[in-house]
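Residues per chain are reported as follows:
Protein chains: 2
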Amino acid sequence: MYNQQLRGLTFDQQGLIPAIIQDDETKEVLTLAYMNKESLNKTLDTGETWFFSRTRQELWHKGETSGNRQLVKEIRFDCDADSLLVKVKSLGPACHTGENSCFYNTLEARNTPEEMGLNELAALISERRHETKED
Amino acid sequence: MYNQQLRGLTFDQQGLIPAIIQDDETKEVLTLAYMNKESLNKTLDTGETWFFSRTRQELWHKGETSGNRQLVKEIRFDCDADSLLVKVKSLGPACHTGENSCFYNTLEARNTPEEMGLNELAALISERRHETKED
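Residue numbers (the numbering used here), protein chains in the order written: chain A, 707 to 841; chain B, 707 to 841.
A couple of the hints might just be wrong.
Which copy is meant is left open, so a pair is good if it fits within one copy or across any two.
When the alpha-carbon atoms are kept at most 30 Å apart in a straight line, the in silico DSS-like pairs for lysine-lysine are as follows [unchecked claim]: (1) LYS748 with LYS779; (2) LYS795 with LYS779; (3) LYS748 with LYS795.
Derived from the structure by calculation, the hints contain no laboratory data. Keep in mind the model is a prediction, meaning the values are calculated, not measured.
Looking at chain A on its own, in the form it has when it is part of the complex (with noise of 0.2 Å):
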């Protein structure tokens, strides 16, 4: 009965499709997993989340060891159909370290200059200024 669905989406030539795992209720984006045409059958037929670990190359049941499997809740793909966002109920942490979402680590907080303090703005344009000198 999925195969009709399936056969819309566009897989990469790993046979991967790029799936966000968001939390259906606080909308927090937990992971960002693959899954292969096996592992999505099974999400469906489960209602559960199967990933493709690139890594181990082998099918994993989240949660099946640690206990915090994901209950679809619902699945969406994109306007291209080569990626999904499925939508879950998560029984504990979703990361393997603890975490509730794997995107613990800022890269960047940005503050408008509205935002800024005057000396939070006044060492940006001096480090500006710097790397023009730089250039």
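Assemble the complex: chain A is given as a structure, and chain B must be docked to it using the hints.
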């Protein structure tokens, strides 16, 4: 100043890293796009999203023609440092179709038996019985 931050990130064999774009206020997931180092540096430098188009094989500044630019509020990276979560304030619809999010198609809205009406549940049981017979 940014090379230090980017050094820890893992780009794939094509030099790309997937970037989940999320509305910073509504938490709606808008797009999954790809960045290379150059587009990520431009994103950090300008505070607006720049991507790498895999089909056109070129950088693109989101919203440059449509005006629907995305102002970056925060960038996070995941536990494997091989995907990004970019929280933005969007100046217009994220999708080229005019939809607010690229994820406007539903693959499957799954209901638990508790949430189903009796008719729906009976139909599902009948369908599964039918599928089993075909095996």
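Going through the hints against the structure:
Taking the shortest Cα distances, LYS748 and LYS779 sit within 30 Å of each other inside one copy (15 Å), while across copies they are farther apart (36 Å). Proximity of LYS795 to LYS779 under the C-alpha cut-off of 30 Å is found in both arrangements, the shortest distances being 7 Å within a copy and 26 Å between copies. In the homo-oligomer, the alpha carbons of LYS748 and LYS795 lie at most 30 Å apart inside one protomer (17 Å), although the nearest pairing across protomers, at 36 Å, exceeds that limit.
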